Amino acid sequence: GQQVMQIPQYQHVQEGEDFTTYCNSSTTLSNIQWYKQRPGGHPVFLIQLVKSGEVKKQKRLTFQFGEAKKNSSLHITATQTTDVGTYFCAGPPGTYKYIFGTGTRLKVLA
Amino acid sequence: DTAVSQTPKYLVTQMGNDKSIKCEQNLGHDTMYWYKQDSKKFLKIMFSYNNKELIINETVPNRFSPKSPDKAHLNLHINSLELGDSAVYFCASSLHTGQGENYGYTFGSGTRLTVV
Chain A
68 GQQVMQIPQY QHVQEGEDFT TYCNSSTTLS NIQWYKQRPG GHPVFLIQLV KSGEVKKQKR
128 LTFQFGEAKK NSSLHITATQ TTDVGTYFCA GPPGTYKYIF GTGTRLKVLA
Chain B
442 DTAVSQTPKY LVTQMGNDKS IKCEQNLGHD TMYWYKQDSK KFLKIMFSYN NKELIINETV
502 PNRFSPKSPD KAHLNLHINS LELGDSAVYF CASSLHTGQG ENYGYTFGSG TRLTVV
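Chains A and B supply the protein sequences, listed in that same order. Read in order, the letters of the first sequence are residues 68 to 177 in this note's numbering. Read in order, the letters of the second sequence are residues 442 to 557 in this note's numbering.
Just chain A, with the same shape it has in the complex (with noise of 0.2 Å):
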């Protein structure tokens, strides 16, 4: 079955470093989406990429869909505290059904 896998599995940075999580999936996805969960909550949609090539911003994050479609990429500048959390990439395998990814826990040291 399809998987999908991000790297790193945890993350440590200080206040102000920039960190960035990669999604791999088995197979091409139409289109991706990421969600953050902060620790003891639930998982929030951020954004959903469709395009080959896809860059989107939203304030201090940048996401991107790989040119095959089989790859992502979340980018955080600047991390703030804020920022800690689990951050998920989905994909859809099929109808009806997302995959979500390993998920990467980052942790933010002020």
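It should be emphasised that the hints constitute simulated quantities derived from the structure, not laboratory data. Keep in mind that the hints are not guaranteed to be accurate.
[Stated by the list, open to error] Derived lysine to aspartate or glutamate pairs resembling EDC-like cross-links, with alpha carbons at most 16 Å apart: (1) K174/A / D85/A; (2) K118/A / E542/B; (3) K124/A / E82/A; (4) K164/A / E542/B; (5) K164/A / D471/B; (6) K174/A / E84/A.
Only a predicted model underlies this, so the values are computations on that prediction, with no experimental measurement involved.
With chain A fixed as given, assemble chain B onto it according to the hints.
For chain B alone, kept in the frame of chain A given last:
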């Protein structure tokens, strides 16, 4: 107004008991889901209902039975609870395009189930 609400938030129960988790969404979404998140934070889909019809039923023990009385509600009943059922269960909803893709999930706040 909570968009996707789940109850209860916490559930502690003994092995062998039967329990239910309720979920309601007021977003007008056409599809609802149950996801299980284990201690390693992996999110795995269990079930999905589109307009009250079961469309996804992953490899889940038949002790788990979902029920969707209408588009806005999706409940999960679990029989004969086992220690391994301990996890956080998330309800989610989404609105789908005609091609079966969605515009993003909205998750409930989760139900932390602990089986002792």
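Status of each hint after checking the structure:
1. K174/A / D85/A: holds, 12 Å
2. K118/A / E542/B: Satisfied, since the Cα-Cα distance of roughly 14 Å is no more than 16 Å.
3. K124/A / E82/A: Given that 16 Å is the threshold and the Cα spacing comes to 20 Å, the pair is violated.
4. K164/A / E542/B: Given pair K164/A, E542/B holds - Cα atoms ~8 Å apart, limit 16 Å.
5. K164/A / D471/B: Status holds; Cα separation ~14 Å.
6. K174/A / E84/A: holds, 11 Å
In terms of the numbered hints stated before, the structure departs from hint 3 and from no other.
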